[in-house]
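Residue numbers (the numbering used here), protein chains in the order written: chain A, 1 to 406; chain B, 407 to 572.
The reader is advised that the hints may include incorrect statements.
[Said to hold, decoys possible] Here are some of the chain A residues that sit facing chain B, going by a computed Cβ distance under 8 Å:
1) Ser-259
2) Trp-261
3) Thr-263
4) His-341
5) Asp-342
6) Gly-357
7) His-358
8) Pro-363
9) Met-365
10) Ala-372
11) Leu-400
In case anyone wonders, no lab produced these hints; they're calculated from the structure.
Small disclaimer: the values here were computed from a predicted structure and weren't measured.
C-beta atoms are modelled at their ideal positions from N, C-alpha and C, and glycine is treated no differently.
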Amino acid sequence: MTSLAPRSDFPLLAGDPDLVYLDSAATSQKPLAVLDAMREFQSRDYANPHRGAYELSVRATQRYHDARARLARFFGVADADACIFTRGTTESLNLVATAWGRANVRSGDEIVVTRAEHHANFVPWQQLALATGARFRIAEPGPDGLVHPDALRALITSRTRVVAFHHVSNVLGDTLPVREIADLAHDAGAIAVCDGAQAAPHLPVRFDELGVDFYAASGHKMCGPMGIGVLLGRRPLLEVMPPYMMGGDMIEFVHDETSSWNTLPHKFEAGTPNVTGAVGLAAAADYLDALGMRAVQTHERSLARTAHERLAALDGITVHGPGPTERSGVVSFTVNDIHPHDLATILDARHICIRAGHHCAQPLMRRLGVAATARASFYVYNDEADVDALLAGVHAARELFGHATV
Amino acid sequence: MRSWPACTRRASCSVMPPSDGRRGADLTALYQDLILDHYRRPRNRGLLEHADATVTKKNPLCGDVITVQLELDGDTVRDVKFAGEGCAISQASASMMTQMLKGRSAQDIGRVAATFTRMIEGDSSAAADASLGELRALAGVARLPQRQKCALLAWSALTQALVSHG
Numbered sequence: 001m002t003s004l005a006p007r008s009d010f011p012l013l014a015g016d017p018d019l020v021y022l023d024s025a026a027t028s029q030k031p032l033a034v035l036d037a038m039r040e041f042q043s044r045d046y047a048n049p050h051r052g053a054y055e056l057s058v059r060a061t062q063r064y065h066d067a068r069a070r071l072a073r074f075f076g077v078a079d080a081d082a083c084i085f086t087r088g089t090t091e092s093l094n095l096v097a098t099a100w101g102r103a104n105v106r107s108g109d110e111i112v113v114t115r116a117e118h119h120a121n122f123v124p125w126q127q128l129a130l131a132t133g134a135r136f137r138i139a140e141p142g143p144d145g146l147v148h149p150d151a152l153r154a155l156i157t158s159r160t161r162v163v164a165f166h167h168v169s170n171v172l173g174d175t176l177p178v179r180e181i182a183d184l185a186h187d188a189g190a191i192a193v194c195d196g197a198q199a200a201p202h203l204p205v206r207f208d209e210l211g212v213d214f215y216a217a218s219g220h221k222m223c224g225p226m227g228i229g230v231l232l233g234r235r236p237l238l239e240v241m242p243p244y245m246m247g248g249d250m251i252e253f254v255h256d257e258t259s260s261w262n263t264l265p266h267k268f269e270a271g272t273p274n275v276t277g278a279v280g281l282a283a284a285a286d287y288l289d290a291l292g293m294r295a296v297q298t299h300e301r302s303l304a305r306t307a308h309e310r311l312a313a314l315d316g317i318t319v320h321g322p323g324p325t326e327r328s329g330v331v332s333f334t335v336n337d338i339h340p341h342d343l344a345t346i347l348d349a350r351h352i353c354i355r356a357g358h359h360c361a362q363p364l365m366r367r368l369g370v371a372a373t374a375r376a377s378f379y380v381y382n383d384e385a386d387v388d389a390l391l392a393g394v395h396a397a398r399e400l401f402g403h404a405t406v
Numbered sequence: 407m408r409s410w411p412a413c414t415r416r417a418s419c420s421v422m423p424p425s426d427g428r429r430g431a432d433l434t435a436l437y438q439d440l441i442l443d444h445y446r447r448p449r450n451r452g453l454l455e456h457a458d459a460t461v462t463k464k465n466p467l468c469g470d471v472i473t474v475q476l477e478l479d480g481d482t483v484r485d486v487k488f489a490g491e492g493c494a495i496s497q498a499s500a501s502m503m504t505q506m507l508k509g510r511s512a513q514d515i516g517r518v519a520a521t522f523t524r525m526i527e528g529d530s531s532a533a534a535d536a537s538l539g540e541l542r543a544l545a546g547v548a549r550l551p552q553r554q555k556c557a558l559l560a561w562s563a564l565t566q567a568l569v570s571h572g
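Bound-form chain B, shown alone (with noise of 0.2 Å):
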């Protein structure tokens, strides 16, 4: 049987990666200095003496967990602190997510929520809003689909953690 000879049938062979783009090739655009810099030192990382709300989301699929906990003031969030593990993407969304919700009301955290999940499932003109401020650097991950659920998953907890207890 004849064989391919090595290496001339690819250009993935250098250290340098491909520049055909057509798998959203620069990932540099993704993990940027900002995104590494939230997942090795996170914000808000921890847990709060006096929660009103705790909810704890996993994906299956990857084994990644976050806890987002609230302390609130009627609707206001006067505190929250995220836990778990995961991925850069994951954990970097919770740290980000964090930083904006102090001092913010409930309705309109909903709304910074629901423009960041349209921003993540590819919705261009959501990724251009002012308001999600420097969660914009996590727009890459709508090119990728299988990691879509990393990017909300820290959002999935702070949405149902707020109807809880509204």
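In isolation and in its complexed conformation, chain A is listed as follows (with noise of 0.2 Å):
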């Protein structure tokens, strides 16, 4: 199979012909045409947005203003203003932690999370749990290692007040169903948070249809800069939410005592914004979307399948998560008698560049019984031969191990 995008786009991957690039799940490669878009801006309509009485600032706000109008567009959500500039899924989802959560979860309420979140999912409501006195509630995985919506559930009672999940695990690539597990926390009278950091780079994600209260994603690992992503809500429920962060740009009026707080999305967006980031991410979206992102899908769980039936097929490697047809492009596996860490410093002799370690989600490593895993992930640039390599690696690795037994 080949790749979906000409490797040409990406100037990294053009000018490194032999580098086999098999980390997108931590961060992807970035297209010409974002890099080009950031420089066009910063070379042509440069300067503070929202601020100078001037011509030169008010293109400068029109970028950032078309900026959020195509990322809404791209994320299927109607009301743009309800689609807040972040840092990226961590700020977006201890955003929504500490502004809701300050504000909504009291001593004795219930926070539902899963053991496969990733830490930027779970630390910020363990953290409010702790505060607040609420009961935090680990939904676990089933004997196949996965969280189902059963799980959920089965924790989800009348006093849970957020419900905070993954779409797509970082780890394991399983992808859970939003809408139904959306469904059971509102019944509940819950609100749903998803984290959808592996999600949206790699399937359509439609905000409006999703039936989530709040949905995070981060730029940089769906061709954007890194520094920019997005928190999409609700707007009832922004509304009516104190800020995260306070300064310039989020207020109305600044009296001696009291302030009061600008509309949406400023209200949340404290300080000058990451225009250049945001115009990036823009360009982001236009790419994937000429590719289609179910082509990406497809063209990602293609590979994908592709690794874990020849990973899984050879003696001694584990592959940890779903079958191979049911994973989105993450593979993450281990090598008996190979700790992840050496066979990632073998596969990079190899100019092969995967990610080894517990991918922030140490909860579900002490699940697997393993302290860390190698994980292998595909993108749209990624191709069979990516996946050829990495098993011609695997199997140098085995080599190399091997020599000392004999």
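Using the hints, put the two standalone chains together into the complex.
In structure tokens, the structure reads:
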């Protein structure tokens, strides 16, 4: 299978033809169109938005506004002002846990998460529970190692205030039924918060149809730059939430004793915004939509399936997570006798980039019974030759380690 | 859209490692039999019955954890054991370390630890220091900045154990 997007679109990959980049779940490489858009903005329309009484600042404001509208379209959000720019998924989730959480969660309430959450969708809720006296409840994976909606259903009660869960797991690559879990939360009177960091880059996301109250995503995993992401929220909730950070842009009037807040989305965007990042992310949305998110999903799943099947066919290799046909573009595995960090070092010498470690999901790793796994993840620029290289690298690592046993 | 033809763009499709060496390709020098032997058959692994100092160190990046225990006679190490889990580099480093400690003074061990640390951090004169003995097999770690902590984990526990006791 050839790549979906030409490597020549990505300057880093084009400049390093030998590189086998299999760590897109950590961050994706950038197409030239994204780099050009940011350069063009900074070269032509750059000024501080929302402030200046001059035409250049008006242009910068317009670029920022257009970027938001573009992202709202990409994510299927009719109300573009409910698309808040943040630094990324981590800030988006902290925003909800702090601003909504402190105002709405009390002692005796319950917060439900899953064991498979990334630390960014686990620790903020854990700390909110500690700060408020709420009970922190963790939905456990089933015997297959995956979290199922039934595990959440069993924990959600009338005391539940928040259900926080991933769309796609960054470790195992399984996909949760977002709508079904959102309905479970709402039936109990709770809000539903979804970590979309590993879904937004890889499959079509229509926020208005998902049913969740908040959805978080990072730009840098979807061909955009680092330092920009989104929080998609339902307006009625955003309107009544207190702000997260205080400062310029987010205020309406500042009196000596009190202040009042600006309208959405500005209430949650204190300080000079990352307009360059927003412009880059909008260009990334253009790039991905031109490929077609359905095609992106099909391409990655096909590569992940091939990698899964070929790895699982080898003796002494465990592939973690769902079956080969049900996973997104993430393949986590362990090789008998070879620590994932040793494997990553050996692959690195062959110009193959994989992730090794706990993937910011220590609670899940404890359940899997491993300190670390190796993770290969695929994106639009990967092709079957990358899978070949991965397999050859794993084979070489086994040979290298095998020599010491004789 | 045009795609790159499979396999023609890179040399690494074969089983042989690429030979350009630009990323420290020759790992056979690092993952040599000596290191893999210590990884598979670690020396002084286990726990002491009467430890005078016990220190556990974790590498939060990778989840590696090593406990070093010392039995001391004044400031001389009488016995040492280590426990924990981790990659070949961290385990081999711990195993080789324990082989060098028995009967040596804290001051003497401190000198070896400092030399070893300099070698791992890339000081070539330290790598040539015969006082490191077998430990020099780990010199290649200096070229792998992301793995230096693995090699130093047990030594960090050892140093803290000596300080806490002294």
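A:Met-365 was flagged as interface toward chain B. Is the shortest Cβ-Cβ separation under 8 Å? This hint holds: A:Met-365 lies near chain B, its Cβ roughly 7 Å from the closest one there, short of 8 Å.
Per the CB criterion, is A:Asp-342 less than 8 Å away from chain B? Interface hint status for A:Asp-342: holds (5 Å vs cutoff 8 Å).
With a cut-off of 8 Å, does the beta carbon of A:Thr-263 approach a beta carbon of chain B closely enough for the hint to hold? Violated - the Cβ of A:Thr-263 stays beyond 8 Å from chain B, reaching only about 42 Å at its closest.
Once the shortest beta carbon distance from A:His-341 to chain B is found, is it less than 8 Å? Interface hint status for A:His-341: holds (4 Å vs cutoff 8 Å).
Per-residue hint verdict: A:Ser-259, partner chain B, C-beta under 8 Å: violated, 39 Å
Under 8 Å is the threshold here; is the Cβ of A:Pro-363 close enough to any Cβ of chain B for the hint to stand? Since chain B brings no Cβ nearer than about 12 Å to A:Pro-363, farther than 8 Å, the hint is violated.
Holds or violated: is the Cβ of A:Ala-372 closer than 8 Å to a Cβ in chain B? At 5 Å from the nearest chain B Cβ, A:Ala-372 passes the 8 Å test, so the hint holds.
Does A:His-358 pass the interface hint, meaning its C-beta sits closer than 8 Å to a C-beta of chain B? OK, holds: A:His-358 within 8 Å of chain B, min 5 Å.
Return the status of the interface hint for A:Leu-400: holds when the least beta-carbon distance to chain B is below 8 Å, violated otherwise. holds, 5 Å
Restraint outcome when A:Gly-357 is required to lie within 8 Å of chain B by C-beta distance: A:Gly-357 check passes; min Cβ-Cβ to chain B is 5 Å, inside 8 Å.
Per the CB criterion, is A:Trp-261 less than 8 Å away from chain B? violated, 38 Å
Hint violations for this structure: numbers 1, 2, 3, 8, all remaining hints satisfied.
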